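2 protein chains.
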Amino acid sequence: MFVQQAIAILDSGVGGLTVAKEVMRQLPREKIIYFGDTARSPYGPRSPEEVTLFTEQIVDYLIQFNPKMIVIACNTATAAALEHIKKKVSIPVIGVIHPGARAAISATKTGRVGVIGTVGTINSGAYITALKELNPVIDVESEACPDFAPLVEKGQFETPEAQLVVEHSLQEMKQHPIDCLILGCTHYPFLKRSIQAVMGPKVKLISSADETAREISTVLYQKGQLARGNEIPIHQFFCSGDSEMFNKIARQWLGEQIELTPIVWQVSTPS
Amino acid sequence: MFVQQAIAILDSGVGGLTVAKEVMRQLPREKIIYFGDTARSPYGPRSPEEVTLFTEQIVDYLIQFNPKMIVIACNTATAAALEHIKKKVSIPVIGVIHPGARAAISATKTGRVGVIGTVGTINSGAYITALKELNPVIDVESEACPDFAPLVEKGQFETPEAQLVVEHSLQEMKQHPIDCLILGCTHYPFLKRSIQAVMGPKVKLISSADETAREISTVLYQKGQLARGNEIPIHQFFCSGDSEMFNKIARQWLGEQIELTPIVWQVSTPS
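Taken in sequence, the protein lines are chains A and B.
Positions 156 to 426 (the working numbering) are the ones given, in order, by the first sequence.
Positions 156 to 426 (the working numbering) are the ones given, in order, by the second sequence.
Excised from the complex, chain A in its bound form (with noise of 0.2 Å):
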């Protein structure tokens, strides 16, 4: 029997859905199997050597489904770790940085664009590099946002109290003459609501979940490597942590039935 080559995606929890969400609006065809760190999120906080130890875990046991490709859904994880993975496997790595960039780069008029992110990927500086990268004249404005993320991974997206961190912490941002802004974690998009009240209509929001999904889609069709015939894919989920709250978030962004696997991890326990 014929098996279709997966998708792996991880993340440090429930971020990396948007991602997955989008891969199934893009490529249906496409079987995902899914990682999220809950035991160890956020990662935000953590040194980038401890975010690429778990990342490198993490991908250990993802190659063990034999993927075809593998996702880093994470800004953190990818502004750490993602040179690093790509030299360790022979498939292709595609992080969540670049993508987001290159759709900034291409939706800027002023050429006036900010990033908000986790403490790890803007002390990274990882979209200043990528966006000079491919535009040294580029204006950039970063800001962390540490509070989103957490906010997310405890379910509470919309509701009163994520209006207002959400309109707190962008209160600088919100000065910059900006046109574009990258929501630069997984987590955001499910803030995206919030967000662009906060930044007003003009403001263009990013998000690199999306804008992954279709680099997903470029590299699988450059590679010959996109999924043929009408199987239905069953995807598969599996997280670390707290597997009810996983459950609950990922019902309620993906809208169906989701099967989940929760894993015990025997290294490297959460500090």
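Hints were generated in silico from the structure; no laboratory data involved.
On a predicted model such as this, the values are computed, not experimentally measured, just so you know.
Heads up, some of the hints might be wrong.
Given that identical chains are not distinguished, each listed pair holds provided it fits within a single copy or across any two copies.
[To be verified] Derived DMTMM-like pairs: lysine to aspartate or glutamate, alpha-carbon spacing no greater than 20 Å straight-line:
1. Lys176 x Glu288
2. Lys359 x Glu327
3. Lys378 x Glu288
4. Lys242 x Asp397
Given chain A, work out where chain B should sit, using these hints.
Then chain B, alone, in the frame of chain A:
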């Protein structure tokens, strides 16, 4: 001396300049070598065999410059010759059909997409194939607009006559409940204002030119071949026919002094 490898872009005439312009904007470090086959334009009404032969001849010419990538910036030539050229050369070959299809899949909310192009492109069914390959449930309406490319080649893209032709040609497409319209010919962005006016503000126009520039960026990044350094690239433009009109349109569209080298074809003169 290190010589930067260029991106080679080819088209039946001036249409590919819409791709070149976007590459210059999104990737200002990249050097471009452009070839417009103005002597044998338009390609739209020609047979796939003839278009394949012409494309192959231009690729043979451009390959002498040792480019790092070939971009077939003509939808008709992409539909007819992409797979053939991919087998022929060892560098990446990018067409303009899949990038447009991917962008439409990403942008549509209703799953109903329109495509306009030359007779050659529409008859090939290449957009329908590309769209359905990604997402089998997408609904596609397509229509040939044979009068558009010749208008643009004559430099008539902002005249009242052009507006009338656009209005007349899109009468049927306007009736379909689509939310995206793919400009499936690289000449059409020249007519974007008129097309948007006819289709109304609710239909998002997808320029295969803009999207191709972004895919060039993705593929060069994945291959580690993006241009580096701060050298300002000197682009080169060649055309096989009326260089005066080509020069005029290129200057108008690219807004800069273009160094043009008209070349004489030794093969297959236009029928």
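Consistency of the hints with the structure:
| no. | hint | verdict |
| --- | --- | --- |
| 1 | Lys176 x Glu288 | between (29 Å within a copy, 19 Å between copies) |
| 2 | Lys359 x Glu327 | within (17 Å within a copy, 32 Å between copies) |
| 3 | Lys378 x Glu288 | between (25 Å within a copy, 14 Å between copies) |
| 4 | Lys242 x Asp397 | neither (31 Å within a copy, 50 Å between copies) |
Figure legend: structure checked against the earlier numbered hints; the only hint not met is number 4.
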